[in-house]
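**Q** Residue numbers (the working numbering), protein chains in the order written: chain G, 37 to 374; chain A, 153 to 784; chain E, 31 to 133.
It should be emphasised that the hints constitute simulated quantities derived from the structure, not laboratory data.
Remember, predicted model here, so these are calculated numbers, not experimental data.
Keep in mind that a hint or two might mislead.
Unchecked claim - Distance condition first, Cα-Cα at most 16 Å in a straight line; then the derived EDC-like pairs of lysine to aspartate or glutamate:
hint: 1; chain 1: A; residue 1: 209; chain 2: G; residue 2: 314
hint: 2; chain 1: G; residue 1: 322; chain 2: E; residue 2: 88
hint: 3; chain 1: A; residue 1: 302; chain 2: A; residue 2: 437
hint: 4; chain 1: A; residue 1: 251; chain 2: A; residue 2: 318
hint: 5; chain 1: A; residue 1: 176; chain 2: A; residue 2: 284
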Amino acid sequence: MQWLAFGLFTLLTVLGALGMSTTMSMFRSGIFLMASFIGVAGLFILLSADLIGLLQIMMYIGGMLVMILFMLLFSMDPGGAMMAGMKMSSIERLFSRGLKPQREDEDGGHSGQNEMNEEGDSDEQKLHDHATVQHSGMKMGGGHDHHAMQNSDDRSGQSEQDQPHHGDMAGMNMGDANEAHNRHDHAAMNHANTDHGADGQKNQEQSGEHDQMHHSGMDHGDMDDMEMGGMDMSMVTPARPWAAYLGLAVSVVLVGLLLWRPAWPIYNGPFSTDAPREIGTLLMGKYMMAFEGAGMLILLGIFGAVMLQRPGSHPSDQGRKAYVTSEENPVRISEDES
Amino acid sequence: MTALLLAVPLAPLVASLLIALWGKHSGWLNVLGVGLSLLALLLIGSASPALSGPWFKSGAFQLTAGLALDGLSKVLVYLVAGMGLLISVYAVGYMRGEKSQPKFFATFSFFIGAMLTLVLSDSFALLFAAWEGVGLASYLLIGFHYTEAKARQAALRAFLMTRVGDVGLLLGWLLALNLTRTSDIATFLTQVNTLPATLLAALFLIGAVGKSAQLPLTAWLPDAMAGPTPVSALLHSATMVAAGVYLLLRLSPLFAAAPAVLLAVAIVGGLTALFSAFVATAQTDLKRVLAWSTVSQLGEMFFVYGLGGPFAAAFHLGVHALFKSTLFLSAGAVQHAADTLDMRRLGGLWRMMPLSALTFALAGLTLAGLPPFGAFWSEEAMLGTAVQNGWLVGAFMLLLIFLAGVYISRAGVATFWPRGENAQAHEVGTLMAWPGLILAVAALFGGLLGEALRGLLPFTLSPEVTLSWRISAISASALGLAWGGVRAVRLGASPALGDWPRALGTVLEGLTLGTARGTWALSLGLQWVEGGLNSGARFTAHGAMGGSRGVQRAESGFDTSGRVVADFALSGANLTARAEKSGFAEGANKLANGLGTLGEQLRGLETGKIYLYTLILFGWVLIMALAAVLWR
Amino acid sequence: MTIPLSAYLIVAAVLFGIGIYTVVAQRSAVMVLMGVEVLLNAIGLNLIAFWRYVHPQDYSGQIFTILIVTVGAIEMAVGLAIMMLLYRNRQTQQVDDYQELKG
């Protein structure tokens, strides 16, 4: 029973983090991050640290995540519309399912909303559904499937053969026409390998998370020739391959350290579970300075953040006028023609 | 009793808050606050209450906070409160008609409250907090006319230069906290013999030097005259700058245990006194003369303290506060009345402002040290201590007295005596004239302060001077007064001793600013060298690794290790170049060329792209973690 | 069978790796901050795991975690404020465009 819960939450966490870093839409990133937070909160509760778990939810999700979501409003293309049309590696495509790209040849209408249930009845659609059903419980094969499907107008015969990939991690079908993504895929594969190795025997317990993360059905149409002109509109920095390797290396080193080290002395005796009381006692006594310091820091942070975001007095700053939406000469409602 | 003690610093602070919130009748509220303080002091009378408690505790350390009214603090607290009251009354008249008076008086009250806390505090933590508060108030008050660039710069300069000194104070008291486990001053002083006294005393000296504008941190005080005159009168002549001397006096057991630092104090004080006295004889702005005079007098106090005469220093501190603030008050009256402080344009004001002229004259005579005016006794005490250390030192003291006479009579005569062209002025109102007069009369009787101090201070008295020295002192001051006065009458406001003191003043300023500029230029030069240094590191990394380009590029970005190796490389190259001429020179040339090109290539690493920096950061973390683990 | 300590630590290690990837490889400043959050999460997980398995009587582990979360929150708030200012001035959020540190 414990293993079930552990597996569930671990999956939630890791997939959330993975999704956050690879999806093309920033808003989805935020949601994936929320999933990751919930997973970590669950893990905390499993570890009998219920106070911290609840704090995690309240502070991270209720506070920081909301802040991030607000900041997304300032950014360019938070919905991932422009990104959705670009070439991406399979894992990114996996996590970006459902994003409708912005197309110039359309009649100005669509601006890249997330299409939940776009029912285009093409052959691809049926294949998609088929693939979706079979993908519950596995990730990489599905991604490849898509990719191979989409990028091969003239290779339609190949699309079906990547289906049965249950649990076969090694059998990576590199039938991907896109050379440039090979390295990324490899790195991403290894990435996935690591965490699969960790909760190896829990494949069979991967229940419906996938389904709730993917949107059924989409219309990828003519995606492959959807390069965005000459603009350098990438979600990632040029250091991406390095970053992937580095992340991988750090994980491997940490896990290696873990396995190589002699075991920690595990404590099995009873302990107080009245967390608030214990924490309160410690905070007011032994850790008073830290407490005060943290409080001071919070205060400074608040003041700093408020001060920083004022409309400034720099000549190039548009100042308060740019943010005030009411008009200077409002029209009375009765005279309002519109 | 302890409630009264608490009221002393709290009354002005509460007044400050009230003024800030309410905003009306700010000047009189300020006076009320200080008045209540003084009343509380008078009610305490001759008792010595103390009040102390733990502030917080962390592990083995304990920070206390408290107020204690012992002899030394009694002297200073009466000084601050009394002068604060009179100058607050003066300020009501001075600031009449200015806008944003509430801001001024709120800060003024806050300053008085903080200064009282500083003087009364018995724990380093509270003292430092008040020290910083006083510095903040000074910044706000100097920059009160913030629309003028001069005032803003002066405020910033004052704050930053005292900040440099504050680092010394902070390090000093933190070290004391670390060693004695508590921040209580009294406890600290009893343990002085077991602590590293020289280091601690040196650190505290740095703090005092910053706050009291001694060399090399003098430049801020003359510039601080850009603030309104009540500020100059209270802060920068009598109280805030006296905080440095107060610190020295309070910690005299510590300094007694560190004779090397005492010598340093004497040297710093003496040099400052001499140089600034010379500079004061050449200034043309009345307030600047007084500012440099303050620096000089503080230098004299430091000098005498360093020679082992804390009593004389304390005595002179008290009397100096009285007469210096008087001088500033009348200077302010002159500014109000004649709208200028340039002595070349002033003259003959005594007919139009007789009260202010009288005030200035009394205070000026006091400064010069003529008997029976107040400072004669304090200067005699200082002379006694000086003579005790040798007659050369005594002669130095006489020189300082002479110079004091010169600059003050030059200033006074140039302003008030009828000369060629006379300025137009009118007498100032009662609020401005009378506090000055009261203070001047108090300064007159400053000699009586010595008697009072004898009972209060725990220091030994200064030795008496012989008659010959006494006569020499009197003649020195008279001579100085005469010289200055005559030159002022005949030659207008030209420098009394010729032009070379002014050059000295610029040299002085240049020295302090020059060190800063030198460091800046050095850092710029180092930056140029750094290109080569970094590539030297890369060269070594090349050879050491001999690996692939990617690894090289990553490793050569590690500045710190590169710099260490590069320092080695640079010193090695220097030695070689100096020792050999021909054979090695060519090799060195080639090496330098190679380093240069490599440096160019390495420059590509500092692209400014954040993701590269974060990548290198985490990569380095990884490598360090591996190294730490593998290096069993 | 109860869950071994290493399991949690492995999860934390993986999260840490993903966090590093995100910090370095994302272009938008907001995404970088999200990556930092993942990093902090990983650290917190590590701490609580150790607290639970090695020394659960002493709640200092939880206190440390709380402090880390707090400081993380502050850092995010200030970071986002700064980023908003930068965005206002430059109309861009991509870290590529903030190149003032260029040597």
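**Q** If any of the earlier hints don't hold here, list their numbers in rising order.
**A** Those not satisfied are hints 1, 4, 5.
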